[in-house]
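S.K.: Which chain is which? The protein sequence lines are A and B, in order. The numbering used here numbers the first residue of the first sequence as 2 and each following residue consecutively. The numbering used here numbers the first residue of the second sequence as 8 and each following residue consecutively.
Accuracy of the hints is not assured; some may be wrong.
[Said to hold, decoys possible] Lysine to aspartate or glutamate pairs mimicking EDC-like chemistry, simulated, CA-CA at most 16 Å apart:
1) A:K318 x B:E166
2) B:K132 x A:D316
3) A:K318 x B:D103
4) A:K250 x A:E219
In short, the hints are calculated from the structure, not lab data.
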Amino acid sequence: MSSIAFRNARLIDPASGLDAKGGLLVEDGTIKDAGPHLAGSGEAAEIVDCKGLVLAPGLIDARVFTGEPGTEYRETLASASQAAAAGGVTTMVVMPNTDPVIDEPSLVDFIKRRAGATAVVNVAPMAALTKGLRGETMTEIGLLQEAGAVAFTDGDRTIANARVLRRALAYANSFSALIVGHAEDPDLSDGASATEGEFAMRLGLPAAPSAAEAIIVERDIRLVEMTGARYHFGQISTRASLDIIADAKQRGLPVTCGVSAHHLALNELDVGSYYTFRKVKPPLRSEADRAAMVEGVASGIIDIIVSSHDPQGADTKRQPYAAAAFGAVGLETLLPVALGLVHDGRATLSHVLATLTTMPAKIFGLAGGTLAKGTPADLVLIDPDAPFTVNADALSSLARNTPFEGRNFHGRAVATYVGGVRVFER
Amino acid sequence: MTSAPILSTSHLLGIEHLSVAEITGLLDLAETYAVLNRAQNKKTDVLKGRTLINMFFESSTRTQSSFELAGKRLGADVMNMSVKTSSVSKGETLIDTATTLNAMRPDILVVRHQDSGAAELLARKLDCCVVNAGDGSHEHPTQALLDALTIRRRGRAFEGLIVAICGDVAHSRVARSNIHLLLKMGARVRLVAPRTLLPADADRFGCEIHHDMKSGLAGADIVMMLRLQLERMSGAFVPSTREYFHFYGLDHKKLAYAKPGALVMHPGPMNRGVEIDSAVADDIEVSLIQEQVEMGVAIRMAVLDALARGLASGGRNAP
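Chain B with its partners taken away, still in its complex shape (with noise of 0.2 Å):
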């Protein structure tokens, strides 16, 4: 395995920042991971002598398990820091509780924040690499490359290819850091859903806007369903669960507007449903679900390898 540089910086923030040598960079180092994570023995020492800190505050369990197994796999030491077990809630400020996890001397802190920018915030106050699991409504990266792998193992090439974003868009940092990513590797993204649940100036990322599931998924390669939050579901922002259901939740009847052979993904966790109907999410001829998942652990990996490489060697970053 090589061991040159992939990333230009020592922080791995957002997709909206990163070049597509940076992207196919880290999906080409994935698939070796992905390679690794199927044999008997999925231990390496990459990360030997590393520390890893997953700083959640924002309760998670596949993301967070996701970054905890790659770093193992990888060597680390790995540490979990969930917010109901932190002082944050006793009124310590964010940035005084990453100092504190900073002065242990972690090599990379995972951070997931419900406020947009957290992870810059902490990016810019810390001596160590950090990553964002995921910052209010603004960036999820490695769920963006993931997504981009699970495409890309499909035989799917990204020119071309017709992606079609379906639901909360307006809150979703998952769909941000795909659209930036889909848009930078060459594909076309559509985003569908109702106004209430765009938002505004959309069409100005380079987006077609569809208001309904049959123009939206017409021709499409790739569906990619959005999680929408239960409190949003009441009439907040849809009427009701069912309205949504019928006319935005993914079925077969829905799937049949888009190209034959076309593949579902969601980033879970799902509601059945609500965005997705059971029979497709089960679907294992058109669900990539399962295989999101897997792919998480062997981005993540990619990852953090990644970031390890810009480490001063035997120590972290220069102060």
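Chain A on its own, in the form it takes in the complex (with noise of 0.2 Å):
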């Protein structure tokens, strides 16, 4: 029987609203016990002292992109969990766009099968919520949903159909299925790599105006509305989309949705001169937006924070702006951009932290994200002040795009456990 007690720890369980001092007992990959009466004592194998440092259950990340199956040069599962365990995930709920797409059983098996054999970290498969991502016909949702997935997406696409959009949404309510959106209408940001606005005048780049979100971020809560069904936007990034949903869920509508952490952290102005590792879609937006989501997150409105990671190789990105890929690395950023919104005193450790573990693991219906006894012993030690400066080079991704090089942050995870097993030590 292996076992391992955690001393002299903070302890924050946001799922029960501890945040007390104390220890953690683990016995054969779950939680035994955890609270105050446990600071300094607990027999087990393996002592850990935390050292007054925060123990907190282990992160979920909630929109990951990797290449596998199909471009594996940009990241594997098992390079992209090697990144997670760095950054204190512990689960990344994984997009169905690669190639093939990830829409029909047997490749939400091979998800599983291939993330068991090499990720240090859970990963849970979204499934494709049209065929081939081509927002036409509908997938198997409940043959795949059976197979394992958690929620049904097209990943950074926008279904244009709204009838086909209305069934899926239907079909799936009849599962008690959960839809990921993703809100940009396609045809007003058709070509766009911008926001459209002052900045992007200047650089002369094609833009988009931010309302092509809020417009489908509106059209989708009417569907919502129609069908019942579970739907969350996997991330929103204007003040107008915030206005929306928060005015959605004061009705009573199953609405979730969540930010990146480049859009709590970073403006369009970020893009500089043509810096392509700023270019993700939706673009970055105006600081009046920014300062919405960072409202959104504090007012509880933005439920949860994800890293949207999304590798990408050198050669798509040293090219002129419009014609670079999209995305930026994010899994090893997550944890340092959410705890900026606790040094700037805009929210508490354990409401930051519930938005990055209980709240995906309540909206995702995944197993951990709390110390609740008999959970899986997902954990992260996090030092919430350690000071460090962003070094791609120095990143476990395959890829090293980062949008946040050379900058400086407050605050990482120092070890990462996986069902007991330490996956990640600094």
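These two chains come separately, so use the hints to put the complex back together.
M.R.: Written as structure tokens, this is what we have:
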């Protein structure tokens, strides 16, 4: 029987509201006990002195793109999992827009087996909502769910046809399946690589109005109202979207939403002189919209923070801005960006950790995200104040396209445990 | 001729980051080349031994030949590379193509590309001087400089000058460079176009916005017409050529709204009967269009000369 006793920790369990000095006991990969009464005791084969650092449920990153299968040179499940572990992430919810697209049960099975064999963290696959992500016909939602798909999404594509989406939502609701949507009007944003406004105009970049997002958010909420489906906006980035979702929640609709770390920490001006590592989808927004995202996390209207980890090879980024690929890696900077909200006094540590643990677990129906007895011992030890500078060459990802190169942060994961096994230690 | 430095950088990527002194310095130098270009012997040896490569990813007749002539008159070896004969069509990336050319040790690379920021990207990756000859919808600095030279040679002071820039501002690099330059020099700039052809937040540049020619041209000293790309005429941005011409095409009737003696400019190539009426374009009393082309060579000579002054003697920029 393997066992670990964590002593002298600051235990934070957003699920129960616990934030106190204490200890935690792990036996056979599950949490046996946790609380202030274990602060200095607990017999076990291995004793870990946490030295007052934060011990919290492992993070759940609900928006991770990898290149497996199909473009393994960008990122494999294995390499992404190493990056995840280094970022304190114990569960990655992975996107289905691979090659081939994860749109049939055998492919969900492939992801699960492949992850089981090669990844050091938990991998929860999402399946496509429409076949081939073409936005035309729905996938086998029931069978895919049985195979282990935790949600259904067309990745970073918006389903243009409202009739198709309506039917998919209605059908998904029969299985209580979760739909994850991307809100960017495909026509308004066609060819665009920046947000319309003064900055895009100065750079002469093809740009889309920020309303391209709110238009789809509004439409999809009307469809949720019609169908009753559980709907999660994978990432929002504008105040207008935030206001629409706040209103929908007020009306009791089953709608949730996330925000990408880079939309919390960067605005359009950070593109500077065509810095393609900051070309993301949707594009970086105005400072007012960025501030609104921080406000949304603080108020709880934004339920979760995600990395939108999207590894890209150097050759697809070393291009003129409009021709460069979208996407930024983020698994290792998710927690540092989120902790920034704590250091800025915008939210408590417990609240920020809830957006990375309890809330995604609840929305996606995952086992972790808590320190409750009997749950898997997926844990992260966090030094919330440790200063460090992001160095792309030191990242664990295969791809190095971080938008935060050279940026200073305070706080990061110092050790990560999955099922009671230490998978990372700084 | 003096050889004091004019530019503070080793590239000319845009007007936005130039100072008034740099702009004035280039215009002054170009005046001397304008004189030289009218002489019988048009050659100097300012760029003797230097290599100039014109790398054009978009087809261009006047800009490319203007740079070619400028380089040759200054005594440089000039090579032209256009997209149709390059390996870009074989899937090579822009940077690979440029790196390959860079290995041939040119001193100055003149680049035109369909994507905004392309010249800046190359300037970061290469160790020769880069001149932006037009990047996407971003900037076309030598066009703005030659326009300024043309205006100045007509004895017009920039301070308080009213310039109406009319047409497809949204997609125009010529407009952006001209806006930056004219505002820096103290002119008042008006943008005149239907809303579909104006960028969002166009007023944030510090320009006045007009949607009809009558108010836009009222009291203007200079009327600068922009080319409307063919693919934007049939319903995408304006309903039809004839509607566009009716409301925004420059003819003598609309020109009469401007200040008496107002002058007309166009960066070319012109769409006669779309944005400009032939009667105006060919009216030597008002049209500066031919003079713009002439000044183009002088400006490009000045730019090449100014950049060459920054080159380490005997070789290229230090890597």
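S.K.: For every hint, state whether the structure bears it out.
M.R.: Tested hints:
no.	hint	verdict
1	A:K318 x B:E166	violated, 43 Å
2	B:K132 x A:D316	holds, 13 Å
3	A:K318 x B:D103	holds, 13 Å
4	A:K250 x A:E219	holds, 13 Å
In summary, the structure is inconsistent with hint 1 from the numbered list given earlier, while agreeing with all the others.
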